[in-house]
Structures are given as structure tokens and as C-alpha cells.
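S.K.: Sequence:
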Amino acid sequence: MYLSPSSPLSVTSLPSPRGSAHRHEFELAGGIEDWEDVRGADVDRYGFIQPGSRRPISRASSAQAIKAAQDREARRTEKWRNMAKMIEGVQVEFDTRSPKLIERTWKGIPDRWRSSAWYSFLASSARDAKSEVTDQELIAQFHSLQEVSSSDDVQIDLDVPRTINRHIMFRKRYRGGQRLLFRVLHALSLYFPDTGYVQGMAALAASLLCYYDEERCFVMLVWLWQFRGLKRLYQHGFGGLMIALQDLEKYWLKGKPISQKLNDLGIDPTAYGTRWYLTLFNLSIPFPVQLRVWDVFILLGGCPPTLEPSSGKAKQKEQANEPESDMIFDGLDIIHATAAALIDIHRDVIIDGDFENVMKGLTSFQEVKDEDKFINLVRAEWNTHRGKKKG
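Residue numbers for the sequence shown follow the working numbering, beginning at -11 and rising by one.
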């Protein structure tokens, strides 16, 4: 069911084909989750359907591992509870400048605290930027934008079902998570008209919908655009993306043997990095590892605020007279460090491989078997770069 953008009503106001009041026994969470023909054992803790992918060696060893992981998570959860500050009994805040919080964020935010922590980190950035648009006002705008047609609705409608359909929330067309994803992307395309909708946005919104309702998902995306540099990254013509990839090559890879080999093979960062940067590594690395990267990016990825043009508030620093080759895209150091770490784990393939094998290695899904070790590598890249900047 689809209504063209020229129609007086918005697509997002349409009921689902079977009616929003009609629910089946396999639909949970108010119809958002669809468990039809899915075994619970084939769904991981994040909602991704992976039939037959987890085969424990033995019940005893599996039970031991699960118990150890649960105990560790419980201890970490309690530590985060002690760091949380309740505001008016409902809202959670964290001190984003606390060395203890920064250290624990590098170790990974416990999943039950992740949504609250991410929201607090970006809300803190909004306050620091003295944004006069509150989250409640953004929520009101989200609902008002549902009644306005977007020229991007057709493309959004095409992209939604192929974004993340192996997840328990996003299985059915025009229902559950797919409907929420459409509504969020529709509103975002209207809120930032200079950018509109770009395909990579769907991956970001789908990841956030795993943790937030549609209203807060929209708020989080707006804040990411304004306070984590995504507005510039997604700007029309992708000038910001090109600068970011130039920064990766010039300041993070240059001087390394792998950089010289990539140059010899004629492999530019745009060939493998475009997807990484526009989706913040969604579906390029395992979801738990993506979340760990997002933990530190959302906390530490601050950059000069860029509010919507109509607001007349703070804007990016003027760089009109600066040559594009000399520009630097501030605020993406965590993303650069992650990209550099991914390239580093392919060191042997890059040094010894030909064009085809190197491209296959860099553009395929990256299997990260030890997420702690990988995040430590990201942190090492980040610290090394910080040392160079201070020097």
C-alpha cells in the first residue's frame, strides 16, 4: 500500500494492510516484533535471526559461559547504575567529562543502560551547544512532519524492506519496525531538506530503533546530525564525506606499509570506506562490535555544532576560502580509528594480496572474533593519533 507524495495525506499516516488493531499470537511488543515461524533459539540477544548459527559444544560448557557472562554483565550494570543521576525521577544523566565514565565506555556500556547512556551523551552536547530546541519540541516536530509529504518517500519506501530484514522487528512490509523506520526516515528527510534522504541513513535509523521508540529515534538522529558531524558527512554532493576519507588517508594511514601498498594497487579510501562512514559500520562488522564503536563515538565524537539553517543558531566554522585539500573534518576521530583498525587487521592480506583479494577483504563483512581485542586496537589508533596532534 503506497500513497504518492503528491497526495494530500502522508504515507506515514496510513494503517497497515491488515489493520493496526489486528494482532496475531506471534506478534509481540504491541505488534512490533514478529515471531512467526521463528524459534527463540535462533534469535540472538539483539533480535537478529541466525538459524543454526549457534551450536554449543556441550550443555555444561555453554551453561558455564552463559553464567560467567551474566555475572560480568550484572557487575558492570551495577557500576553504571551507581554513575547514573536521576533527574526528576524519570530522566537519566551521566557526567560525560568523568574519566571513570570514559574508561567504562571504552569497556562497553551494559546493554540495559545503552539507550539511556547514548541519549544522555547527546543531550549533554545539546546543552553545551545551548540548543534552544528541546527534545520535546523535536518530538512534536516529528509528529507534525508525518502530515507533510516528502519527495524522498518513494526511495525510502524502496529501501526500507532491504535494510535489516533479518531482524525480529523488521520482517514484514508496512508493519512493525519497517513502518517505524519509514516514518523516522520520512521525518528526517524533511527536517534536513538540504540533505533529504540518503540510503545510508536507513542503517543508522534501524540500529537506533532497536533501542528507542520512533520519537526518540528521531531525536537521536537529529542530535547525531547536529553534534556528531553527520550533517556534514551527508551533505549534498558528499563533500564532507570526501574530506573525511582524505583525512583517513592523510592523517591515519600515511606512512604505514599498508598505505603504500593500497596506493600501489590503486585502491582509494572511497572504494572501501564510503559504506563504513555513511552507515557507521552497520552490517560491516558484527552488531555487538558496532555497538561498542557507537558507545565511544557517541560519547567522544563531539564536533562544532551544526543546527538546521532555519534556526539561525550556531553553524559550522566558515571554510569558504580554504582549499578543500587543506580542510579537516573534526569530530570523526573514533570513526577514523575504527577504519584504521579494520585496515590493520587485514595487514597480511593487503601486503601479500592482489587488487581483487584486497578489495574483497576490505569490502566484505568483517568477522571480528574478539571484540575486546578489536576495541583495544581502535583505542590504540585513537591514542596514537591524539599523541601526534599534541606533538
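These are calculated hints, taken from the structure and not from any lab test.
Yeah, the Cβ is synthetic: ideal placement off N, Cα and C, and Gly gets one too.
Treat the hints with caution; some may be incorrect.
With a straight-line Cα cutoff of 20 Å, these simulated PhoX-like cross-link-like pairs (lysine-lysine) come out [said to hold, decoys possible]: (1) 357 / 95; (2) 55 / 73; (3) 376 / 238; (4) 357 / 238.
Label-pair distances were calculated between CB atoms; the ranges are [unchecked claim]: (5) 53 / 181: 48 to 54 Å; (6) 132 / 182: 18 to 24 Å; (7) 116 / 55: 37 to 43 Å; (8) 263 / 357: 20 to 26 Å; (9) 374 / 116: 18 to 24 Å; (10) 225 / 254: 20 to 26 Å.
S.K.: For every hint, state whether the structure bears it out.
M.R.: Evaluation of the provided hints:
Distance restraint check for residue 357 and residue 95: the Cα-Cα separation of roughly 16 Å lies within the 20 Å cut-off, and the hinted pair is therefore satisfied. For the hint pairing residue 55 with residue 73, the CA-to-CA distance comes to about 29 Å; that exceeds 20 Å, so the pair is violated. Taking the CA atoms of residue 376 and residue 238, the gap is about 13 Å. The hint holds against a cut of 20 Å. Of the supplied pair hints, the one linking residue 357 and residue 238 is violated, its CA atoms being roughly 29 Å apart against a limit of 20 Å.
Separated by about 50 Å at the C-beta atoms, residue 53 and residue 181 satisfy the suggested range of 48 to 54 Å. Hint check: residue 132 to residue 182, Cβ distance near 19 Å, so the stated range 18 to 24 Å holds. Roughly 42 Å separates the CB atoms of residue 116 and residue 55, a value that falls within the hinted 37 to 43 Å. For the hinted restraint 20 to 26 Å between residue 263 and residue 357, the CB-CB distance of approximately 21 Å keeps it satisfied.
With their beta carbons about 20 Å apart, residue 374 and residue 116 fall inside the hinted range of 18 to 24 Å. With their beta carbons about 24 Å apart, residue 225 and residue 254 fall inside the hinted range of 20 to 26 Å.
Figure legend: structure checked against the earlier numbered hints; hints not met, in rising order: 2 and 4.
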